[in-house]
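Protein chains: 2
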Amino acid sequence: MPQLPPARVGDPVAAIDTPALVLDLDAFGRNLERMANSTPGIRLRPHGKAHKCPDIALMQITAGAVGVCCQKTDEAAAFVDGGVADILVTNEVVSPAKIARLADLAHRATIGVLVDDAANVLALSDAATRAGVTLDAYVEIDVGAHRCGVLPGAPAVELARLVAVAEGLRFRGLHAYHGGAQHLRDPEARAAAIAEAGVLARDTREMIDDAGIHCAIVTGGGTGTWRHERDSGIWNELQPGSYVFMDADYQRNTLTPDEMRFEQSLFVLAGVMSALHGGHAVVDAGLKAFAFDSGLPLVHNRGGTHYAKASDEHGVLELTADAAPLARNDRVWLVPGHCDPTVNLYDWIVGFRAGRVECLWSVAARGALG
Amino acid sequence: MPQLPPARVGDPVAAIDTPALVLDLDAFGRNLERMANSTPGIRLRPHGKAHKCPDIALMQITAGAVGVCCQKTDEAAAFVDGGVADILVTNEVVSPAKIARLADLAHRATIGVLVDDAANVLALSDAATRAGVTLDAYVEIDVGAHRCGVLPGAPAVELARLVAVAEGLRFRGLHAYHGGAQHLRDPEARAAAIAEAGVLARDTREMIDDAGIHCAIVTGGGTGTWRHERDSGIWNELQPGSYVFMDADYQRNTLTPDEMRFEQSLFVLAGVMSALHGGHAVVDAGLKAFAFDSGLPLVHNRGGTHYAKASDEHGVLELTADAAPLARNDRVWLVPGHCDPTVNLYDWIVGFRAGRVECLWSVAARGALG
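The listed protein sequences correspond, in order, to chains X and C.
Heads up: take any position in the first sequence, counting from 1, add 5, and you land on the numbering used here.
Heads up: take any position in the second sequence, counting from 1, add 5, and you land on the numbering used here.
No lab work stands behind these hints: they were computed from the structure.
Only true hints are included.
Okay, derived cross-link-like pairs now, DMTMM-like style, lysine to aspartate or glutamate, Cα gap no bigger than 25 Å in a straight line: (1) X/Lys-314 to C/Asp-254; (2) C/Lys-314 to C/Asp-335; (3) X/Lys-314 to C/Asp-191.
Could you build all of it, start to finish, from the sequences and the hints given here?
This is the structure in structure tokens:
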């Protein structure tokens, strides 16, 4: 069962039950606009794996996005149910059950999927044909992430040929995403990684075009590198996701002076359960309230206070001698280490503005693993 | 919305959609029995924060447990809704809204809660009195975890006095749980930590008894140390939780030769999405399918294969040259690093026996953060 929302629309922020995933709607709106206004002449397809929330997807599309990305078949289903008309699953979908579900979704929306294997292309083609639908297929090439994806060049051309003649599939282009580059701290290292990936993507696209197959789209990019893909002349579709929220890990990336800043809009609002000794307080948000793969949460706007350790349902804060003291039932605003898997822990995003709860958005694709 | 179950009862294990949280019911049943049979003359109150599943709580109670523990008010609500009649929230409940919810639950079940603060005792008393119920209250003492809890000795006696005369509350005893001791690798270090905690708990209990207040229960212990609390003559209620499932982190504890072994019964069943190069395969279970606070998942029963890195929805496996190769759609059994926060990522536990799905249990308290 989903949990009950931790607030009602109209409540003051002080009345939100803790812990809660809360969103500063002003900062969120500015992030949304900034990205939408920064991609003239290029397709923006924000990644829905960050928010898992159809309300946000629809706002991104209203602001000019062509649709959204997601990573899982069941995430795609949640977005289709929420009214999103164009979804790219930026992942391989390989099990027969999932392929059948994916094809079924294409009755209700434009559905794209990645391929890196000939047998998988045939399975997708077969399922789409049986369902009487067309699936958009993108050949994933490995441009540095070393996860899925065929090698750039000849193997990608070979797979594109197969897709181009496969019934029920429409070859749309290349997926060239360099995940590891997003979190390189040094801006020159990020630029260099995308420059290298760009050469591979460009050469592969040209080889596919030369083979007489129209490679309409080269899609990729994330919050750490999107402007490099945008300015490359190679990518013509961008997939940033975290920019709407931001997190402690992305804040650790060094930016060049001219680089666009996105604001921290997403927080976990936690409550103090116990504060018996000076220098020590315990909040109600621990290992089940944050993902810890990218480090501990950061304490927001409270000098001399840091989140020192977590257990399942406790977070221990340490305070320096000159920090403002904390008492039982005080609220602490925390910045998640990594937004995507943290959002996945919550059923609701509580949007606030000017001190009041303005909206409750369902994290409809929370837990959508299949 | 909760996700659909990844299997149906009667399905072969090979038909379970991945990734899925799967439970070997034979191993699980042996774990359940072993603990139940190892605590003669002592109350067993297993911790429900590990499983969040009323079906499992009721099986534990059928096997002799007096009830279960949990950590959150909304977890307690899920267990009450699931038919559990006796629940101890092993945590401070401090916000007015949660206190009101907790008192309301006491109309339907025996509800206990911890206290470490005088003002909180008065707030609980007030809410219980208004609701016309009695809440069981336990004074939490800090025996080494350094989270919540008053200091042992005089501060605990003072708080016990306050509870004893507070309308709507029944003083039941002491909560003395040493969380950090559970994961000390060396068995002698675990024994020493609990011996030290025991002195503090015993002395405090005696001081409370000497003050003319009956300290009926000393409760605590976990999967790493439970036999030390059991054999201490001090604790008379035990709270282990993870023993039913086990995880990679608990497997790293060194046990003495005579120490009881619990079996790994809980796995994440993952599917291979891509396996293009020798030595490398990618599964569909990443940062949203496991908690990573206690390290990476372990690959089960597949020599030369290890889970090398995770991104949000991908897990990269590395294989040695002599490892059995992996192909697209192969299944891999993975042992979570830390069971509690991993279970919290799933809506369903898929129980299997003899190669078939035998049950689908709802993780009813998943996401119960409030």
